Structure formats: structure tokens, C-alpha cells
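Letter by letter, the chains look like this.
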Amino acid sequence: MRMNTGHIGAVVRKEVRDYRRSRSVVGTMTVLPLIFLVEPTLVILRLSPSTSAGAVQKSVGSVFLLLLIAPAIIPAVIATYSVVGEREQGTLEPLLTTPLRREELLLGKAVAAIVPAIGIAYLLFAFIEVIARIFARNAAVAPALWAGPHVLAEILFAPLIAGWSIWVCIGISARSSDVRVAQQLGTLASLPPLAVVALISFDVFTPSVTLAVVFALVLLTADVALWRIVSAMFDRERLITGAKALRP
Amino acid sequence: MVERVPGHRAEADRSSEPPALVVDHLTKRFGGRTAFEDVSFTVTSGEVFGFLGPNGAGKTTTVRTLGTLVAPTSGSAVVAGIPLTADNGTEIRQRISIMPENPGLYVRLTVVENLELFAGLYGLRNHGPRIDQALEAVNLTARARDACGSLSKGLRQRVGLARALLNDPAVMFLDEPTSGLDPVAAREVHDLINGLRQRGVTVFLTTHRLEEAERLCHRVAILNTTLRSVGRTDELRQSLFRRSLVVETVAPLDAPDGVFSRTAAVESWRSDGTATYMLTVADPRTAAPAVTRALVAAGADVLSISEPHHSLEDVYLKLIDEDPEAPPA
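As they're listed, the protein sequences go chains P and R. Under this note's numbering, the residues of the first sequence are numbered 310 to 557, in order. Under this note's numbering, the residues of the second sequence are numbered 453 to 781, in order.
Hint data in this document are derived by calculation from the structure and do not stem from the laboratory. Fair warning: this is a prediction, and the values are worked out from it, not measured in the lab. The C-beta atom is built at its ideal place from N, Cα and C for all residues, glycine as well. Any given hint could be a false lead.
Stretch-level coverage of chain R by chain P, calculated; a stretch enters the list once three of its residues show a Cβ under 8 Å from a Cβ in chain P [stated by the list, open to error]: (1) 554 to 565; (2) 573 to 583.
What follows is a set of in silico ranges between Cβ atoms, one per label pair, in the way DEER data are often shown [said to hold, decoys possible]: (3) R:G484 - P:E348: 37 to 43 Å; (4) R:G601 - P:V522: 46 to 52 Å; (5) P:L497 - R:Q650: 56 to 62 Å; (6) R:G483 - P:F514: 48 to 54 Å; (7) P:T360 - R:G601: 52 to 58 Å; (8) P:V527 - R:D539: 31 to 37 Å; (9) P:L354 - R:T542: 53 to 59 Å; (10) R:D539 - P:V490: 32 to 38 Å; (11) P:E397 - R:D686: 41 to 47 Å; (12) R:E765 - P:L497: 54 to 60 Å; (13) R:N540 - P:Q398: 38 to 44 Å.
Given these sequences and hints, build the entire structure.
What follows is the structure in C-alpha cells.
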């Protein structure tokens, strides 16, 4: 199947314009990152100069985990609204009367959700690193946070976890008839990849570049599979009429 | 679209082009519920085709089926020259446009931003002039930078029409375009559709406003789950109502049977008991002079001889009433 990048671009532009003028989306995208900053900052500032290297590593692991919750939760706000929101405001049917393919629509919505999520995740990581360098009492914190595997994992995992969250939430949105229910379910369903990150962060698995790359590849495969699955779940007829399409 | 065909396209011109829509025994069922059944008709290119029926008759589902939004249960159709199949959905949607009953605009976006989205989805390159033309066609240029949320319902319908014009569609489906509009706004929409008609745009107009269909459409179809009738409104009147003359005299005739039965052009007659007589005739144009002469010869003082007018509403109600399963309109 040939994807039309013009269609995807048109959807992305529309989504970004729409978000920018939505107080609730702008408010959520502003407040959530601030909330995600509080706990990692406290963890870093609590570490005394005498804290052992092992304890520092553990704390940095938890900081890293907390930072990766942001790209899982932040795009969920947008993604859960993506299809059910269009249905609620009556804009889905006109959209589906155009030559836009369902895969293009969903990809456009996913791109519009993932870009701010990744941007915010990287900004949070950079901000925590700056806090660690300036305010941390334990000198080992900043280098531990800036270690190769952590940086690589942040770069790789933030978009991949966001991707997982977005596809799961769009899938829920495509099957829901109520925005609030979709948002509640979406938030819960976007968390599973963090379980693996938690195991790495708390040294159940030893963090290494190989492990980060393997986990990233697994997540990437899952993201692509989810895009296909969610696209297949996107039933024009059911979304427009409420009745499942029965092929003759 | 706007620039395609200037001026009104003659009936002969239209009939020489391939049909814009061919629908053949099309049926759509949702589980055990039948939305419409065994529907067949053809729409000529450049025609404004009215699709009438009561609420729940299946009009919107027909539009959605022809617009590839829902799959037919059985039957076939050719839309804008392309067979209606699941594989052809994208190609069909590229060549048609549908304006749903609710125009479904992004209220936080401006009029132009809404149109830019759809121009992008129709793959229009250098879409600025096309958007300007569409806005001009619906007299909305002055409101182009306004947020759609700030527009009245009538203006939103106009934005929906502008959006439907963007891709220069081979067939434009307008689903209840004046639903919920006040008379002034409805009239504006009528004028816009009339403009489309004069430019030769093929329009498939669903409505339950009969005066709207009568005023705008070349032909109408009346649907009530099954198709009740298709044709020009005058053809439908002729097929449904026997031709007749209404004769009114100053006083009741002494021997009406002697007057009317002896007039060859009159097939039958009846009286309502006063000085008004309803005559069934084959051709009112030849019968009226003959009846006038017979009445004058009989010494009657004639007040009027006229052909009763059957509105599209009469046609519609007769057809809907004939259907025992018809839901109330």
C-alpha cells in the first residue's frame, strides 16, 4: 500500500493547529511535565555526599524510570481523544468522505501526538541533568545520569514508549464511544512498557547498551505491529453508523 | 467546479455524457434491519437529482453507501464512472464530495484552515486560488479568517458547501443541506445549489423539504426503504393523478350529465353537490374549450374552468401513503 505523505502532512497540520487552540490540551501539556519533574528533583536533592555509589545508581535508576513515565502519559491525553473526539464533534464523517486512507489518518494523528511528547521527554531529561549538575549534593549523580546507556535509553525509549502509548490509546479511542472512558483506559494501557524499564532501572536486568538496543528493537516492532492492528480495527462503517460492517 | 462549465448545461448536452451515478438493485441491511432495499436509478451528468423520503427512509444511508462509507449488502453501483467496490473506495472518494447534514467543521480552526485541511486531503497543489474560488462561490470571502466556532449555522453550511466544491467533484452529495436553517439561510443555500445547477455540477440532494426539491431538482426519487418512484415532478404528477378539469358555475346545472357526457373529451365527471364539477379528461388543453362550448350551449353561467394543481407534496404523500410500512413523516 502506497502512503500519501501529503495526506499525512495535512492531518498533522490540522492536529497541531487544533491542539494549540485548545486550552485543555495546552494546559495538560504544560502542567503534566511540571508534575513529572517534582519527584525526580526531590530524589536527586535528597542524596547526600556520603551516599554510596550503589545507592546513587539505584536512585538514578528510579529518576530515569520517572522520566520515562512522561512520554507514556503525555501523548495519551491527545491520542485517546483522536478518534472518539472527532466522532463527538461530528468531524469524523467529513474526514472519511475524502480519499484519506485510515492508515494515513492514524499515522498523521500519531505523528502529531508523538512530536510534542518526545520534545517534552527530552527537555525533562535535560532539565534534570542541569539540576543534578548545579544542585545535587552528591557529585556522582550527574555523571551517573549522563552515563552512555542511560542517555541512549532515553533517546531510544522516549519515542518508542510514546509510540506504544499512542497506538494503544488510538486503538482504544477508535473503539470507544465516550472520551472520558477512552482517556481512563488509555492511561492504564500505556504503562506496560514501563514495567520492563522498571526492571532495568532497579537492576533486575543489568543496564547495558546491548539490553537497551534489544529492548528498543522489541518496542519498535511492537509499535509497527500496533499501527497495523489499530488500522485494521478502524472500521469506517462502525465509526459512522455504530454498526459493524457485514460484508456480503 | 466553479470554472468547469460556465452557464447552464442543456438537457441534450447532459444526456450525451455518461451517467454520473448508476445504481442497480442496491440493498443495505444492518443485521436484521433494512436501511434500504432493491434501489435502482440513474443520475445523468450535470443533473440535480432530488432524493426524498421521510425520516428513517434510508436517504442518508444511501448517500453513505454511494460515498463508500458503508458497504452495500447486495446490488451494485457505478459512482462517477467507477464501480462501487471496497478496493475502489479511495478513487471514488477522490472524484466525489459529500456534505453531511452536520457540516462537521473544526470549530477552533478558521474557515480557511478548515478548507486547507480538505484541500490537502484531496491532494490539491497550489490550493490557495482554489480555496479563494470556493469561498467566493459561497459568498464567504469576508469571513475567511474567522474561527468556524464563531459562525452561525447558515454560514457553517456555506463553509461545508465550499469544502464540497474544493475538489471539483464529478458528483456532489448534499445531505439535508437546509436542515435546521431559518428561511433566510435556507434560501441562501437554495441560491447556491441553483448556482451549481446552472454551472452543470451533478448534485445528489437528499431532503424532506418538498418545495426545495421541486424548486431545485431536474428529477426526484421518492424513497421509503424501497424506491417508490423516480422522475420529473410533472411526470410523477401525471402518472399518479388522472388529468382533470374543475368547472365552477354560478348555479348548479339542471342537467349536468347531458352537458358533460355528450362532450367527447370528458371521460367521466362528478359533482360535490354544489355548482362545482370535477371532470376526468384525457387532455385538458383540448377538453377545456369543448367543455366551455357545451356549457355555453346549455345556457350555464361559467365562473371558471381550471386544471387542478397537484404539488410535489401531493405526489409525495400519495406515494408514502401507499406504503403500508411507511413510518410517519
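Results for each hint:
Proximity of the stretch 554 to 565 of chain R to chain P, defined as three or more residues with a beta carbon under 8 Å from a beta carbon of that chain, is established by the 9 residues found. Using a Cβ-Cβ cut-off of 8 Å, 3 residues of the stretch 573 to 583 of chain R lie near chain P, which meets the minimum of three, so the contact claim holds. In this structure the supplied range 37 to 43 Å is violated for R:G484 paired with P:E348, their Cβ-Cβ distance being about 55 Å. Take R:G601 and P:V522: their Cβ atoms lie about 48 Å apart, and the range 46 to 52 Å holds.
Take P:L497 and R:Q650: their Cβ atoms lie about 57 Å apart, and the range 56 to 62 Å holds. Judged by the Cβ atoms, the range 48 to 54 Å given for R:G483 and P:F514 holds: they are separated by roughly 50 Å. Hint check: P:T360 to R:G601, Cβ distance near 55 Å, so the stated range 52 to 58 Å holds. Separated by about 34 Å at the C-beta atoms, P:V527 and R:D539 satisfy the suggested range of 31 to 37 Å.
Checked against the hint of 53 to 59 Å, the pair P:L354 and R:T542 passes, with Cβ atoms roughly 56 Å apart. Distance hint check for R:D539 and P:V490: the Cβ-Cβ separation is about 34 Å, which falls inside the suggested range of 32 to 38 Å. For the hinted restraint 41 to 47 Å between P:E397 and R:D686, the CB-CB distance of approximately 45 Å keeps it satisfied. The hinted range of 54 to 60 Å is satisfied by R:E765 and P:L497, whose Cβ atoms lie roughly 56 Å apart.
A hinted range of 38 to 44 Å for the beta carbons of R:N540 and P:Q398 is inconsistent with their spacing of about 29 Å.
Hint compliance for this structure: hints 3, 13 are broken, all remaining hints hold.
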